[in-house]
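Chains as they are written, first to last, in this note's numbering: chain A, 116 to 596; chain B, 14 to 184.
Read the hints as simulated data drawn from the structure, not as lab findings. One should not assume that every hint holds.
What the hints assert, rightly or not - Quick list of in silico lysine-lysine cross-link-like pairs, BS3-like style, CA-CA up to 27 Å: (1) Lys164(B) x Lys145(B); (2) Lys232(A) x Lys145(B); (3) Lys172(B) x Lys584(A); (4) Lys164(B) x Lys322(A); (5) Lys420(A) x Lys584(A); (6) Lys325(A) x Lys163(B); (7) Lys161(B) x Lys232(A); (8) Lys322(A) x Lys145(B); (9) Lys321(A) x Lys141(B); (10) Lys409(A) x Lys427(A); (11) Lys145(B) x Lys584(A); (12) Lys57(B) x Lys161(B); (13) Lys325(A) x Lys141(B); (14) Lys29(B) x Lys145(B); (15) Lys141(B) x Lys29(B); (16) Lys29(B) x Lys163(B); (17) Lys161(B) x Lys584(A); (18) Lys453(A) x Lys232(A); (19) Lys145(B) x Lys321(A); (20) Lys161(B) x Lys29(B); (21) Lys57(B) x Lys94(B); (22) Lys163(B) x Lys145(B); (23) Lys489(A) x Lys232(A).
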Amino acid sequence: MAGTSSADSQVHPSEAEGVAREPLVLNNRSMGWITERICGIVENRQPLIWWVLFVPSVALFGCLLFTLVYLVSTGVGVWGNNQPVAWGWAIVNFVFWIGIGHAGTLISAILFLTRQKWRTSVNRASEAMTLIAVMCAGIFPGFHVGRFWMVWFLAPIPNANAIWQNFKSPLLWDVFAVSTYFTVSVIFWYIGLIPDLATLRDRASKKLPKFLYGFFALGWRGGNRQWRHYEMAYLLLAALSTPLVLSVHSVVSFDFATSIVPGWHTTIFPPYFVAGAIFGGFAMVLTLMLPVRKLYGLEDLITAKHIDNMAKIILLTGTIVGYAYIMELFISYYGANKFESDAFHLRIFSGPYTWAYYCMFFCNVIAPQVFWFKWSRHNLWVVFIIVNFVNAGMWFERFVIIPTSIARDFLPGQWGYYSPSWVEKLMFLGTFGMFLMLFLLFIRFLPVIAASEVKGVLPEADAHYPEWKRLREKRRQSSAS
Amino acid sequence: MAEFSSASELYHAAEKIRDAGFRRWDVHTPYPVHGMDHAMGLGKSWLSAVVLCGGATGSFVALFLQFFTQVSLYPTVVQNKPTNLFTIPAFFPVTFELTILLAAFATLFGLLIFIMLPRWNHPLFNSKLFPKFSDDGFIMVVEARDPKFKKEETRDFLKELGAGGIEEVAH
Numbered sequence: 116m117a118g119t120s121s122a123d124s125q126v127h128p129s130e131a132e133g134v135a136r137e138p139l140v141l142n143n144r145s146m147g148w149i150t151e152r153i154c155g156i157v158e159n160r161q162p163l164i165w166w167v168l169f170v171p172s173v174a175l176f177g178c179l180l181f182t183l184v185y186l187v188s189t190g191v192g193v194w195g196n197n198q199p200v201a202w203g204w205a206i207v208n209f210v211f212w213i214g215i216g217h218a219g220t221l222i223s224a225i226l227f228l229t230r231q232k233w234r235t236s237v238n239r240a241s242e243a244m245t246l247i248a249v250m251c252a253g254i255f256p257g258f259h260v261g262r263f264w265m266v267w268f269l270a271p272i273p274n275a276n277a278i279w280q281n282f283k284s285p286l287l288w289d290v291f292a293v294s295t296y297f298t299v300s301v302i303f304w305y306i307g308l309i310p311d312l313a314t315l316r317d318r319a320s321k322k323l324p325k326f327l328y329g330f331f332a333l334g335w336r337g338g339n340r341q342w343r344h345y346e347m348a349y350l351l352l353a354a355l356s357t358p359l360v361l362s363v364h365s366v367v368s369f370d371f372a373t374s375i376v377p378g379w380h381t382t383i384f385p386p387y388f389v390a391g392a393i394f395g396g397f398a399m400v401l402t403l404m405l406p407v408r409k410l411y412g413l414e415d416l417i418t419a420k421h422i423d424n425m426a427k428i429i430l431l432t433g434t435i436v437g438y439a440y441i442m443e444l445f446i447s448y449y450g451a452n453k454f455e456s457d458a459f460h461l462r463i464f465s466g467p468y469t470w471a472y473y474c475m476f477f478c479n480v481i482a483p484q485v486f487w488f489k490w491s492r493h494n495l496w497v498v499f500i501i502v503n504f505v506n507a508g509m510w511f512e513r514f515v516i517i518p519t520s521i522a523r524d525f526l527p528g529q530w531g532y533y534s535p536s537w538v539e540k541l542m543f544l545g546t547f548g549m550f551l552m553l554f555l556l557f558i559r560f561l562p563v564i565a566a567s568e569v570k571g572v573l574p575e576a577d578a579h580y581p582e583w584k585r586l587r588e589k590r591r592q593s594s595a596s
Numbered sequence: 014m015a016e017f018s019s020a021s022e023l024y025h026a027a028e029k030i031r032d033a034g035f036r037r038w039d040v041h042t043p044y045p046v047h048g049m050d051h052a053m054g055l056g057k058s059w060l061s062a063v064v065l066c067g068g069a070t071g072s073f074v075a076l077f078l079q080f081f082t083q084v085s086l087y088p089t090v091v092q093n094k095p096t097n098l099f100t101i102p103a104f105f106p107v108t109f110e111l112t113i114l115l116a117a118f119a120t121l122f123g124l125l126i127f128i129m130l131p132r133w134n135h136p137l138f139n140s141k142l143f144p145k146f147s148d149d150g151f152i153m154v155v156e157a158r159d160p161k162f163k164k165e166e167t168r169d170f171l172k173e174l175g176a177g178g179i180e181e182v183a184h
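Next up, chain A with everything else stripped away, as it sits in the complex (with noise of 0.2 Å):
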């Protein structure tokens, strides 16, 4: 048959380039190492500053509940939020953690699609802290309703009076957008996470765990002839994601972007939300990673040379989020429309919130940009310090763009001040404890590290590794001589 390729024709790409790159995992470690380590951390006893971690995020998960049944159980009045500021931090909330998802998507699909090998090390844990976030969003809108009870009203089912939903309406969209993107990115991370289970099951020796891992894993075999279908679902889901993460935020931002509210209705708004997403979902990423990988001993698959890459990406994304503020205030001020113009100065200037404008501008445009630097992205703790600035610029970014514009409407007789009620900040805190409930439920059931993908970027993975191994020494004896 043809095409059977003969021994020194086949170069591999770092060769054929001649850059010497960087390994991707360091120390020549082997497959079996990997599936060691990644295994081990959810076969072993956990260290415990993952009890001392858990116990507290479980509590806030429970706080979160108890505030969920007042507010049912009560009102929604119990929130601050009230005319003119309808929409107070639970929509800031929800677009902050749907927006930390993004990372997660943006590294499985985008980074697949472009090629980009590193990502393996990083695509699984952060592919659940996508699914996870999504879930905390979700809590928000879902009450904000009010009568959580009356929720299916959201679904494409005609009312008692036979009156479909509107599908004309952003909300209806976002209603899409965000069910869409939660259940890709649950088909995207479980086709994923299938031959890691297959691992787990086959490692796993009490029966418990075999059968839990082996039913999940569906009877994986790993037959090429299993393989080569994988492999091109894998491909599509990446292909279909792509497009859909960068929608969700659009979509989002639709919500205000359709409305005719000064300081909302501005047509950047799309692209501006999504870097913004990217942005703040990978800050999390690194927050969540670092720890993680200290803790776990992953040095050697989540190098340097990852951080690195992440933090030059904060770096770019941050860059186009302060382009757009700057270019938000530019278009006030040279476009006609005199709303908007005071919107953008009681923002900046004379408004009630110019506090949260300016912590806003400092974290997710000024910190940054020590990323410039080579030293502060190899500094674990001058990385650790800036991604929690942009965690904190990125929530942020919506306090100043929801409640500040609809505090400052277009009649001084409809203006207001809002601020959040106790249940709003115990809520939020809740949240945060069910984030990371979860993700270290995560890390304890199920391999935090796409092991099977990892093994296919080693260097001896290649089936013509032999090959261009020999010519590299040929090489390297040539120019020697």
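Position chain B relative to chain A; hints supplied.
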């Protein structure tokens, strides 16, 4: 069933098995080996066609749902948007999302049908050697129902290709 020590050995062995004309055989690896489809003589996966159908169904369902409910069944004029063919820009986001959703479902279920899973019981799971595939083993399985399969000859052939451990699995 035969074990090989590296991806490259398995790859070259697969080429030989392919050229020898075997039909019912497979290689089991911890990760998808690049180029193995070619070495096994397998073509493109047509899962993409299933996904295209799923996506097209999603688009049609969404457009039908929206035009039927908003334009034909009960024309609701909201925000002064038209209720005719020109409503389509407002219908675009939901159409897009449902296209993606149904395409993703088609990918999942299409994949499961193509790879014939879930199947929790399989003769290979009785093997001692087989579980290594999910760790660092490169395993080739030639099924006894292959017309070319002859117990001793196939065993020798695999050995000749450089197989380390060879095991027979009851089926």
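### Contradicted hints - numbers only
4, 6, 7, 17, 18, 21
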